[in-house]
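S.K.: The chain contents come next:
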Amino acid sequence: MAAFVLTIAARAQTLNVNVGNVTYKFPSSQTGDMTYSDGSTLTIINKEFSLDEIDGMTVDYTSVTDNTVEIGYNGSTATITVAGNVAQYLTITQEGAHISIAQSDDLAQEITYTLSGTSSDGEFYMSGSYKATIELNGLTLTNVTPVYSGAAVHIQNGKRINVKVINGTTNTLIDAESGSQKGCLYVKGHAEFKQNGTLNIVGNVKHGIKSGEYISVKNATINVTSAVGDGISCNEYFLMESGTINISGTGDDGLQCDLDGDTSTGMTTNHEDEDSGNIYIEGGTITINCTALAAKGIKSEGDIYISEEPAINVTTSGNGTWDEDDLETKAACGISADGNIDISGGTITLTSTGSGGKGMKCDGIMTVSGGDITVVTTGGLYYNDGTNENLNYTGDTDQISNNYYSSPKGVKAGVKDTSGSTTTYSGGMTISGGAINVTTSGHNAEGIESKNYLNISGGEIYVNAYDDGINSGQDLTITDGYVYSHATNNDGMDANGNFYINGGLVYAIGASSPEVALDANTEGGKKLYINGGTIIAVGGIESGSQLSQTCYQASSVSGNTWYSMTYGSTVTAFKTPSISGGGGPGGGPGGGGYSMIVSASSTPTMKSGITVSSGTGIFDNNCYLNATVSGGSNVSLTQYNGNH
Amino acid sequence: MKKLILTLLAVIAVLTMRADGYPYLLFKTADGTIHAMSVESLTMEISGSQLVVTNSEETQTFTITDLDKMFFYENTTGIDEIFSTESGEVSVFTIMGIYVGKYPDANEALKTLDKGLYILKTKSNTVKIAVQ
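In the order they appear, the protein sequences are chains A and B.
Last residue of the first sequence: 644 (this note's numbering), numbering continuous.
Last residue of the second sequence: 776 (this note's numbering), numbering continuous.
With the rest of the complex left out, here is chain A:
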């Protein structure tokens, strides 16, 4: 069988009309009649040229791709090549390497603008009302003396703008210090970043990248190395599917998304007509380093959803500050949402070193069902009354206005609002999966705090905190999962409402008396209920607890010691942390060691000083499930009735 394909390729002629640095390229197949009028104009495909402006015309065999505009920057000038089929819709003005192109409202096809070359004083400004594509094809553009905008690239077009960072190219944009632009790269409409090239951004006036509507990122690498405002700022929503974003050197937040209007649409199907202020991170790598006062690494006016397998690394080092508008202190945070935070996947590393700095917080509901989250905060309590500032306040915060201080925290969700004698609680926290590792070391820094309810039904939580390891403003309920919570200066776990332990493995270590490992608001008529699960409480439990599952008190407990607890056929091995001060058995802290209360689904036995040879390590391998142990000496366990 033989197939023959006969191709006849016509060698197409192109008429080039040169007007200054602009070349309009008309394919011979499209021109039809090119009419002269009154000896003053020439009209080609509805594009009327004044003959006075034409520098010359040539015919050659160069190719023309419809719907394209190519701009090549070269020092103090630039050449522009326009496909003839769209020439009639474009008004081009140029001063040196400063280019402005206005699309006519009659335009009904998408134009691709390809920008390349280098200029130390140039810009690209495009306006219009039809969607467009901007290709960054090896462009280095610095705007020094703004003509049309201070931005390096300014798209005054409210439609969908594709920003293609062409594969294999490196592009650098620097805006004018003397301008008033909202971003070095500004898009009035919605910007969709695509392709595998690299885009470097310096924002000398405000944001690095600013979009009036949503931004999506797929594949592209975006480096904001400096910005007076946010690294990336947009409205409606932000969606990252893949690619890489690196942000540093910002004067404000790293990545911020706000509502465009006054009312949120919430998440919509395929984000159609969405104006939610939400941030969606579904893939790629985000690395943000914020040094500004009270700066947030990732900030949304709506919700933040992190799913699938993104890698997020945010570091904030700025201290808190006094907000003159709100008359209250503000502090830095790695990830912050005015709405909810929902994490179902990804690797998230948050570090905050400034005074009052937090790892992650939301005013709404925080839901963690997956992902690997690591949070470290080292800052102390931030105090500022508008006049006096203290970066490591150690006074009693109960005696000062909430507006005057910001507490460092690893993770925080929900809001407690007190107005007069009325207190309301909103938001909350649900953890059903994933791994959460929180370390706080600054004064008053809690590990995980929900201002409202806190429900734990899965996952692995590992907290080492200065203040309460895990705290809830209302009820705290654990039904499953693995929870380790160690506080060096307060309760291991503290519920300001009732505290229900119905299942799971709970290993809590509290500070010296009057703090305990497991605390409920007994003073407020609330209780600790132990109904099930496997419990290790070093530091004792709140007196007056209701223990429907029998608890036992160890005859002794020592720090930095491996223990095994055996119940039925299950062996759980755990290591106590370094503990100082403390107390004797039964009486809470004091003397040679803390009290230790344990409980399991059946009567346990205990050994200390054991050696673990195998098992499933959890809590940074300070605990092994289904462990194989050897050696050690028996520890006497006596039934505990719930009162010290």
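These are calculated hints, taken from the structure and not from any lab test.
Take the hints with a grain of salt, since some may be wrong.
As the list claims (entries may be wrong) - The calculated lysine-lysine pairs, modelled on DSBU-like cross-linking and capped at a C-alpha distance of 35 Å, are:
id, chain 1, residue 1, chain 2, residue 2
1, A, Lys47, B, Lys765
2, A, Lys526, A, Lys607
3, B, Lys713, A, Lys47
4, A, Lys131, A, Lys47
As the list claims (entries may be wrong) - To be clear about the criterion: a stretch of chain B counts as covered by chain A if any three or more of its residues have a C-beta under 8 Å from a C-beta of chain A, and this derived list gives those stretches:
id, segment
5, 665-673
6, 682-689
7, 709-715
Glycine included, C-beta positions come from ideal geometry on N, C-alpha and C.
Start from chain A and add chain B according to the hints.
M.R.: Showing chain B alone in chain A's frame:
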């Protein structure tokens, strides 16, 4: 049982032919005269009130106010389309103005003429053509 396995080779041959799509740029003046010029190395400059057109073979100057339009044209063998509204004799001259002869129509003239540039005239049209 023997099986005869036949292998059929598919041979795809791509034959590429190049054809110049629009090798002529024609200029029509207000009096109806059409001037054809090859587009090879064609440049156009505006010099005062003149449009100076140069190609690899010649230079032609038009007074801009006399120009009605210009358009690309596919080939000289299709020149009869220009005269499609007409019929009848065509007078042929060399580019130097030397009379060559009369032909029943443009196609007949183009079949007969040797390579070169010619002026074809009908009752209402004049056109310069290149016979290749």
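S.K.: Are the hints correct? Go through all of them and say.
M.R.: Against the structure, the hints come out as follows:
no., hint, verdict
1, Lys47(A) <-> Lys765(B), "holds, 33 Å"
2, Lys526(A) <-> Lys607(A), "holds, 34 Å"
3, Lys713(B) <-> Lys47(A), "holds, 14 Å"
4, Lys131(A) <-> Lys47(A), "holds, 21 Å"
5, 665-673, "holds (count 4)"
6, 682-689, "holds (count 5)"
7, 709-715, "holds (count 6)"
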